[in-house]
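Sequences are here, hints too, so could you generate the full structure?
This is what each chain is made of:
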Amino acid sequence: MNNAIKKILNEKVAWLADKGPDKDIAITSRIRLARNIEGYSFPINAKEESLVKIIDTVNFATTKTGALKESFKIRLKDLNPFERRILMERRLVSKEFISNKRTSGIVINKEENLSIMINEEDHLRIQALDSGLQLESVWERLNKLDNELSQNMGFAYDKKLGFLTSCPTNVGTGMRASVMLHLPALRLTNQVAPLINGVKRLGYEVRGIFGEGSESLGNLYQISNQSTLGEREEDIIFKLNKIILKVIEHEKDARIYLLEKEQNLLLDNVGRAYGILRHAYLLNGQEATNSLSALRLGVDMGMFTTVDLHLVNDLFVLIQAAHLQNYYGNSLTQKDRDIVRAEIIRAKLKDLERKRKQ
Amino acid sequence: MLCEICNKNEATIHIKEMSLNGEGKTLHICAGCSDKKNEFASMLKDVNLNDLVKQIANDFKGLIDGGMGGMLEQEVAFGDDKIDITCKDCKWTWKKFRKYTRLGCPKCYDAFEKELISGIKSIHNGVNHKGKIPGERGNDFNKKSNFYFQLTALQDLLKEAVKSEDYENAATYRDEISELKKKLGEHE
Numbered sequence: 001m002n003n004a005i006k007k008i009l010n011e012k013v014a015w016l017a018d019k020g021p022d023k024d025i026a027i028t029s030r031i032r033l034a035r036n037i038e039g040y041s042f043p044i045n046a047k048e049e050s051l052v053k054i055i056d057t058v059n060f061a062t063t064k065t066g067a068l069k070e071s072f073k074i075r076l077k078d079l080n081p082f083e084r085r086i087l088m089e090r091r092l093v094s095k096e097f098i099s100n101k102r103t104s105g106i107v108i109n110k111e112e113n114l115s116i117m118i119n120e121e122d123h124l125r126i127q128a129l130d131s132g133l134q135l136e137s138v139w140e141r142l143n144k145l146d147n148e149l150s151q152n153m154g155f156a157y158d159k160k161l162g163f164l165t166s167c168p169t170n171v172g173t174g175m176r177a178s179v180m181l182h183l184p185a186l187r188l189t190n191q192v193a194p195l196i197n198g199v200k201r202l203g204y205e206v207r208g209i210f211g212e213g214s215e216s217l218g219n220l221y222q223i224s225n226q227s228t229l230g231e232r233e234e235d236i237i238f239k240l241n242k243i244i245l246k247v248i249e250h251e252k253d254a255r256i257y258l259l260e261k262e263q264n265l266l267l268d269n270v271g272r273a274y275g276i277l278r279h280a281y282l283l284n285g286q287e288a289t290n291s292l293s294a295l296r297l298g299v300d301m302g303m304f305t306t307v308d309l310h311l312v313n314d315l316f317v318l319i320q321a322a323h324l325q326n327y328y329g330n331s332l333t334q335k336d337r338d339i340v341r342a343e344i345i346r347a348k349l350k351d352l353e354r355k356r357k358q
Numbered sequence: 001m002l003c004e005i006c007n008k009n010e011a012t013i014h015i016k017e018m019s020l021n022g023e024g025k026t027l028h029i030c031a032g033c034s035d036k037k038n039e040f041a042s043m044l045k046d047v048n049l050n051d052l053v054k055q056i057a058n059d060f061k062g063l064i065d066g067g068m069g070g071m072l073e074q075e076v077a078f079g080d081d082k083i084d085i086t087c088k089d090c091k092w093t094w095k096k097f098r099k100y101t102r103l104g105c106p107k108c109y110d111a112f113e114k115e116l117i118s119g120i121k122s123i124h125n126g127v128n129h130k131g132k133i134p135g136e137r138g139n140d141f142n143k144k145s146n147f148y149f150q151l152t153a154l155q156d157l158l159k160e161a162v163k164s165e166d167y168e169n170a171a172t173y174r175d176e177i178s179e180l181k182k183k184l185g186e187h188e
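Chains as they are written, first to last, in this note's numbering: chain D, 1 to 358; chain A, 1 to 188.
These are computed hints drawn from the structure, not numbers from a lab.
Treat the numbers as computed from the prediction; the structure is a model and nothing was measured.
Just so it is clear, CB atoms sit at the ideal spot from N, CA and C, and this is done for glycine as well.
Treat the hints with caution; some may be incorrect.
Negatives, chain D to chain A, calculated, CB over 12 Å [stated by the list, open to error]:
# : residue
1 : Glu70
2 : Asn80
3 : Phe82
4 : Ser94
5 : Thr189
6 : Lys261
Okay, the calculated beta carbon distance ranges per label pair [what the hints assert, rightly or not]:
# : chain 1 : residue 1 : chain 2 : residue 2 : range
7 : A       : Ala31     : D       : Glu353    : 29 to 35 Å
8 : D       : Lys101    : A       : Thr86     : 47 to 53 Å
9 : D       : Lys261    : A       : Gln155    : 23 to 29 Å
Given below as structure tokens:
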């Protein structure tokens with residue numbers, strides 16, 4: 001296996017909330033900046049030699065930064081499909097990136113909370129992540145890296161339009177700030193669809209993490225800004241933060257409502273999920289993700305003495321296809337994945353029970 | 001009490017609705033009707049939600065200028081695809097842009113300036129860049145102007161909260177304002 005991937009697999013995923021403000025509802029905060037180097041065409045129109053030069057320029061510039069001086073520098077062509085999936089499942093690269101046929105690369109720091117995709121849609125997609133709701137501190141780290149990089153390359157920039165990007169939807173600040181939220185109580189009280197519509201009407205994008213539209217797998221949603229031009233970076237973050245806080249407030253109210261008025265519904269939802277996870281022998285990704293969501297809700301509401309957020313977070317990553325394969329050590333068919341997935345979860349939950357009895 | 005929809009079963013689900021003007025209404029329904037009439041429930045939630053939207057929109061009066069909520073489809077935003085222009089630097093054409101929704105190079109923004117501007121206007125909250133310049137450090141000056149913006153925003157929110165008699169939020173905003181003022185004082 002590619003050395004870098006091997007090392008990455010050994011690290012814990014930094015952006016899953018074990019800690020961080022509002023960690024029970026806000027899982028991850030993420031900000032990315034789109035940047036392009038002056039004098040080159042955008043990746044869709046650039047020649048191969050240019051793309052190679054761009055990677056070299058970026059790799060060199062990162063050696064002059066604080067945060068990425070020591071980092072994994074990987075060429076996409078050196079990764080097989082399995083290794084590419086690992087990166088995608090850890091949310092370090094996008095789906096578009098791993099199917100890229102042209103010369104592209106990625107730079108990742110050891111903590112996996114800072115990275116640069118090279119030659120995806122733009123020359124550089126710089127990204128910083130952290131657990132919980134922490135947009136300001138994520139921005140601080142990202143801004144610093146952006147400034148350091150610009151000391152060693154000329155970004156395509158216009159006084160009126162700001163940073164010039166391959167797609168006009170990113171022009172200006174080039175900033176997409178997003179927060180991944182876990183909203184199980186809002187779903188149980190049938191408030192998700194209207195809430196999503198409300199947030200969209202205010203000019204924010206809402207996407208299911210694993211699904212499309214308003215029905216999301218695992219009750220996970222990502223809310224991000226749509227406009228990138230016409231306001232400062234700090235203002236984008238400030239407003240997004242306020243929206244997120246309001247949504248969190250509504251999820252909290254829904255949880256209290258369930259606790260006070262629909263306790264059996266709540267207990268049933270969590271109890272069934274635990275039952276399935278603890279005893280199933282065949283678990284597809286969908287059922288596992290939804291059950292883990294209910295488990296997480298139960299943990300948040302203090303229903304468990306042994307299951308903790310740490311375990312739930314680990315499982316969220318582990319049940320994905322490439323990670324399962326890595327755990328098993330061999331390639332797996334769909335059916336085998338369902339078996340291994342159930343096996344891992346059963347084992348980990350059984351382990352907790354045993355520890356509790358001791 | 002009996003379910004308000006079927007008037008047959010015991011009502012076990014009680015959905016409370018609060019509207020902006022303070023009126024409360026509780027709907028009492030049974031589990032069967034709740035399941036069957038999920039669309040009814042979510043219609044109700046739509047009503048609830050209009051209030052939520054109004055509330056959030058009020059909070060942001062003045063902070064969101066111009067930008068319409070929701071992104072228009074790029075095809076609609078960027079209009080006519082029969083225009084025949086080519087970027088002289090990279091040879092990318094407007095037709096190609098419409099096909100891939102990608103430009104060819106930074107200079108395309110000059111070549112297609114007129115055609116792009118209306119689309120940009122409908123997608124974004126403004127047409128002029130107000131953010132950082134390349135290499136601009138997050139220095140003290142930026143931090144100070146950041147505080148001033150937040151202060152104005154919070155003062156707006158406080159005014160609205162007091163006007164709508166939302167004293168709980170008003171108190172929160174008032175506290176945040178005095179926090180900020182203290183921080184500002186440290187920076188001067």
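We went through each hint and held it up to the structure:
Even its closest Cβ contact with chain A, about 23 Å, leaves D:Glu70 beyond 12 Å, as expected for a residue assigned away from the interface. Listed as a non-interface residue, D:Asn80 keeps its Cβ farther than 12 Å from every Cβ of chain A; the least gap is roughly 28 Å. Every C-beta of chain A lies more than 12 Å from that of D:Phe82, the closest at about 29 Å, which supports listing it as non-interface. With a closest Cβ-Cβ approach of about 15 Å to chain A, D:Ser94 is found to remain outside the 12 Å limit, as its non-interface label requires.
Residue placement check: D:Thr189 does not keep its beta carbon more than 12 Å from all beta carbons of chain A (closest about 8 Å). Once the 12 Å rule is applied to beta carbons, D:Lys261 is inconsistent with being away from chain A; the minimum gap is 6 Å. For the pair A:Ala31 and D:Glu353, the beta carbons lie near 32 Å from each other, so the given range of 29 to 35 Å is met. Between D:Lys101 and A:Thr86 the Cβ separation comes to about 25 Å, which falls outside the hinted range of 47 to 53 Å.
The supplied range of 23 to 29 Å is broken by D:Lys261 and A:Gln155, whose beta-carbon atoms lie about 37 Å from each other.
Hints 5, 6, 8 and 9 from the list above are not met by this structure, while the remaining hints are.
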